[in-house]
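Visitor: Put chain B on the given structure of chain Z with help from the hints.
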Amino acid sequence: MSKDISIKNGAKLDLIGLASKEIEFAKDSTTHAIYPDDFFNLKPRMILKKGDKVKVGSPIFHDKNDERIVIVSPVSGYIQSIDRGEKRKILKILISKDGDDKVNHQINESQRLNKTDIISLLLKSGSWSFIRQRPYNIIARPDKLPKAIFVSTHTTAPYDIDYDFILGGRVDDFQKGIDVMSKIIEKPITLTVTANRQSIFSQIKNLDIINVKGKHPSGNLSFQINRINPINVGECVWVINPEDIANIGSFFKTGNFDSTRTVGVSGETVKNPKYYKAQIGSKISSMISKNDVNNFESNRYINGDPLTGTKVDFDGYLGYYNNIFSVIQEGDKYRMFGWLPFKDNHIPSFSRTSFSWLFPKNKKVNTNLNGDERALVITGEMEKFFPMDIYPMQLLKACMIEDIEKMELLGIYEIIPEDFGLIDYSNTSKIEAQEIIKNAIQLMLKEVG
Amino acid sequence: MNFIRKNLDKIKKPFEKGGKLEKFYPAFDAFETFLFVPNHTTIKGSHIRDAVDLKRTMVTVIIALMPALFYGIYNTGYQYFIQSGLEFTFLDALLHGAYKIFPMIAVSYIVGLSIEFGFAVYRGHQVNEGYLVTGLLIPMIMPVDIPLWILAVSVIFAVLIAKEAFGGTGMNILNPALTARAFAFFAYPTYMSGDKVWVSEASNIDGISGETILGSLAAGQNIDYSSMQMFWGSIPGSVAETSTLFVLIGAGILLITGIASWRIMLSSLIGASLVGLLFNFWGANELMSFEWYNHLIVGGFAFGIVFMATDPVSAAQTKRGKWIYGFLVGVFCILIRVFNPAYPEGVMLAILLMNVFAPTIDHYVIQSNINKRKKRWGKLKIQTL
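Protein sequence lines correspond, in order, to chains Z and B. The opening residue of the first sequence carries number 0 in numbering that gives the first Met the number 0; numbering runs sequentially from there. The opening residue of the second sequence carries number 0 in numbering that gives the first Met the number 0; numbering runs sequentially from there.
Worth double-checking, as some hints may not be accurate.
[What the hints assert, rightly or not] Quick list of in silico lysine to aspartate or glutamate cross-link-like pairs, EDC-like style, CA-CA up to 16 Å:
#, chain 1, residue 1, chain 2, residue 2
1, B, Lys43, Z, Asp99
2, Z, Lys54, Z, Asp82
3, B, Lys373, Z, Asp163
4, Z, Lys445, Z, Asp163
5, B, Lys318, Z, Glu382
6, B, Lys374, Z, Glu234
7, B, Lys374, Z, Glu407
8, Z, Lys204, Z, Asp178
9, Z, Lys20, Z, Glu234
10, B, Lys43, Z, Asp97
[What the hints assert, rightly or not] So, partial list: chain Z residues that the calculated Cβ filter (under 8 Å) puts toward chain B:
#, residue
11, Asn113
12, Thr115
13, Val376
14, Lys429
[Said to hold, decoys possible] Stretches of chain B that chain Z covers, calculated by requiring three or more beta carbons in the stretch to come under 8 Å of a beta carbon on chain Z:
#, region
15, 50–60
16, 127–135
17, 257–267
18, 312–322
19, 364–377
Calculated directly from the structure, the hints in this document are not laboratory data. The C-beta atom is built at its ideal place from N, Cα and C for all residues, glycine as well.
Bound conformation, chain B alone:
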């Protein structure tokens, strides 16, 4: 450790104030603080500080994403081999999945972090850790056969327009990862829907195809997957959202560590269940009569409410706001699924829509707090008169 530290201190010199590479200090700082928690001590305010920081928080989210990612890698291989009729082992499936997904993750991180570092150097502030999570989320919610260049363009759009244009980490209105997906979805629809994108190599090999469950339902077809398969996740879909089970493990990590809001998760669940149940009674089409509990385990619903709706920056910030926000995410998710077959997956649009409304929800919650205080002041005036 001392050896690394000594060498770092040597390399640090030109990056410090007055050095030749002073401008690039934020980039150096990002690497240095990755290796070491800095020796900075408190100057103002409290003299002692909690061990938690944004890095630790973001890394915990990444750990929570690991089970779903791991299963996603396996499922990518599994779907490919099942469809192509080849014999395979567990390891074969993993290797095939890794071969497809690691390049996606690499592209997302390289492109996204380059922009983040560029902005940090340009603005002269430190590199925020937010993209560590966003950069992993983006490939996890894309179809496996998406061309890497589309992924790269989506990342550029999300980071530039959804995040940096608003002032960077902490200032964005929309969840950047979902913005990337929505961008790809509307700009390159042929790569984002149909039966040729969800299974690995389906776009190249004629014999391979696979539609998502929601896609099939929207097209009025029957599905032959059991609820158990939907829960376990051995179905076609975006890279890492298929397995409700593994998403739930991640949810457990987020809830135990207290990083994600249980209020949002619970209220989304309530909202979606209620609307699903309501449609079950109505039952006018395939999607309406699709059992409400199955709605919760297919598509990106579980992944969306656990990892996307709970993004603290784009969600509502007040306690009561979180209940309302989460509930409406659940409601709109099922509404969009059922009423708009052109967008079989409702959770992405539901969350983005509620991202836009989150500040408004918070505004009214806070206004009620202000009104309470004003009322107290008002009473006083009457008394003194």
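The shape of chain Z in the complex, shown without the other chains:
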């Protein structure tokens, strides 16, 4: 069965330096790292301490609020250091790689596994961390089963990757992951694919395939869920990244935690942008060296896409979930009279006060704010990049004044900060919409739970 949906508003932001479709194995990373900040609203409590030995799949820390949710080591070795910041907040757990020991979980004939077995295996193995729940985009709460599970292979963000390409060789793992997960909800998994495109996913069984047509942000699951099976107050759905479905499948085949992370490294200054097969938390220099990028010093390195990713140092590590690694030039330069309309048309702009639309191929970007934050003046511009029946500006205002009731009524349950990426990018007043939404969701979690 397949359905079609078309998500209208939005925009395409094609940037120079998209990863080409060739894949290379990343060099062996001597150290790996986990950033607890990658798990939204998770409060880590360490299970292991510095110097402890770990295998692939050994639990490192768990969530203070639910000890069943554990984050496990992606590699074998020992805990080299635990970096802490203010108020002893854990910033990074560094693991030195050594050997290839694995924690093996006994898995019965999968035909006989029931819902409870699957959940308990996922939790024990650490693969549970791949499942995130909406509302809020936090790691799913094991006690509350969702009304549906969504997987999106329709990607639209700048520098987004092609899941057909990276999962082409893992169809069996993917099928296994889908079979296991659909047992939990006792119905098919909802998978979205780009409309009018050949896809390897059409041969996968146990799926409810939906063809999605649209520009960014139609690849964001919030907008797809809103159209397909909207979240009401008190309900939840689960979302899983396609590669993690394959990782879950591989776990149920072998009994070993699979931390494969295939990453598209893109950027204008990257000499040879392409895909790398690495592991969760691999060192960035295991994929690209200083010589692989131009103007090494004046770049910003981002775990994720340029609209929603997290800044990371070049000698840092891959994030837990991201399949995209972006390199963007820093824009710490002054531009004389740069505010004049129709000046500096090389900067992509959705506004018609620039001729940038005349040069669709020439999209050079940097990290300059191109102005300063101002009061919200222009109306109607956010709706253009928000294809949902939610009033984004009114919701943002409700979030700014922390009016929880209004936030609920205006639709906070259906969105996550990333959905405001394009609004961040395009709004005239340079309002930090993602930050406002993030703080608001944290408030919701604290007050409503």
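Guide: Quick look at chain B alone, frame taken from chain Z:
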């Protein structure tokens, strides 16, 4: 460029944190960011940003105002020379107009920006660009012979009461430029109506006089201007609103750049045309039988709906709200013109009235969105029961 930059960096020192003039940083920042788009990079949220900012947006509005301003300057001279019977050239008219209007613009900017800078320094936030447009709009909608001190007082009232009292740019309920005009209109009516204010020097020289078309109609007099003259704008009126043609050029700029809402402009036009047409059938007095299409090209209607009703801060903010808001601006404009001869120009009061109602319109539009969501939630409860 490097030379200017280096010197700016030198001057900047005392204004920075811990410097002697730290308090005045917002004022310095306004000048610096006028010369250069700052080197600030993204810290939170999206790592890349669009080239558009509020400065660019406001400057585009100013560019859109230029054709009307240019014609207004010419028309000021033209009306003066025609009335006084002197021979004149195109350049003479322009020079006379410039001589009258540039001081008005200067007063508006100096007084208004001083208050804006003062508030920015007092509140410690950056100077918003909104006044660049307001400051130009105010002299453009005043009678040419208005004394400069009245202009200054109106500016002070508008900026203090209509804008800063509500929290500054982006927070005001009423359009500040129209508030300035309404203030002058009610506080100093003799300088804002009659036949001695619309033509340059009419207040000083006995031989010169001129009533606006709407004023004449309200007084029950006949008018001897053709529709073409009304459209072209060679008629007495406020400084820059007389020429529908040049206002339309500005409207074109605003619509092509996407800065003003076409929904508001179109729905105002529809509202005013419908009511005008209705009155044409009724035809009980001069203003009722005044052709509906002429209503659209005389007075401040065109200028008002293009540049004032579309002010995003004081207009309705939702799509559907904009349709309703614009339509009612058009309707009320003609209603006020026809039914209240004391206020021959209806567009100012119509827009101010709808400014007050815009938040209410938006409230109901958003409430319907909320109700839709609640209904979805409600259905769910029934299913689970």
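Visitor: Next step is simple, just say for each hint if it's right about the structure.
Guide: Quick rundown of the hints versus the structure:
Straight-line distance between C-alpha atoms of B:Lys43 and Z:Asp99 comes to about 38 Å, which puts the hinted pair past the 16 Å bound. With a C-alpha separation of about 20 Å, the suggested pair Z:Lys54 and Z:Asp82 falls outside the 16 Å cut-off, and the hint is violated. For a cut-off of 16 Å, the pair hint linking B:Lys373 to Z:Asp163 is broken: about 39 Å separates their Cα positions. Distance restraint check for Z:Lys445 and Z:Asp163: the Cα-Cα separation of roughly 39 Å exceeds the 16 Å cut-off, and the hinted pair is therefore not satisfied.
Annotation: proposed proximity of B:Lys318 to Z:Glu382 holds, straight-line Cα distance about 9 Å (limit 16 Å). About 15 Å separates the Cα atoms of B:Lys374 and Z:Glu234, which keeps this hinted pair within 16 Å; it holds. Straight-line distance between C-alpha atoms of B:Lys374 and Z:Glu407 comes to about 14 Å, which keeps the hinted pair within the 16 Å bound. Between Z:Lys204 and Z:Asp178 the alpha-carbon distance is near 8 Å, which keeps this suggested pair within the 16 Å criterion.
Taken as a hint, the Z:Lys20 and Z:Glu234 pair is broken in the structure, with Cα atoms around 39 Å apart against an allowance of 16 Å. About 36 Å separates the Cα atoms of B:Lys43 and Z:Asp97, which puts this hinted pair outside 16 Å; it is violated. The closest approach between the C-beta of Z:Asn113 and any C-beta of chain B is roughly 25 Å, which is over the 8 Å cut-off, so the hint fails. Interface hint status for Z:Thr115: violated, as the beta-carbon distance to the closest one in chain B is roughly 23 Å, over 8 Å.
Hint status for Z:Val376: holds, given a least beta-carbon distance of 5 Å to chain B, under 8 Å. Satisfaction of the interface hint for Z:Lys429 is found here, the shortest Cβ-Cβ separation to chain B being roughly 7 Å, below the 8 Å cut-off. Coverage of the region 50–60 of chain B by chain Z holds. Counting CB-CB distances below 8 Å, 9 residues qualify, and the rule asks for three or more. Using a Cβ-Cβ cut-off of 8 Å, 3 residues of the region 127–135 of chain B lie near chain Z, which meets the minimum of three, so the contact claim holds.
Counting residues of the region 257–267 of chain B whose CB lies closer than 8 Å to any CB of chain Z gives 3, which reaches the minimum of 3, so the coverage claim holds. Counting residues of the region 312–322 of chain B whose CB lies closer than 8 Å to any CB of chain Z gives 6, which reaches the minimum of 3, so the coverage claim holds. Counting residues of the region 364–377 of chain B whose C-beta lies closer than 8 Å to any C-beta of chain Z gives 8; at least three are required, and the coverage claim holds.
Violation of the numbered hints given earlier is confined to hints 1, 2, 3, 4, 9, 10, 11 and 12; the remaining hints are satisfied by the structure.
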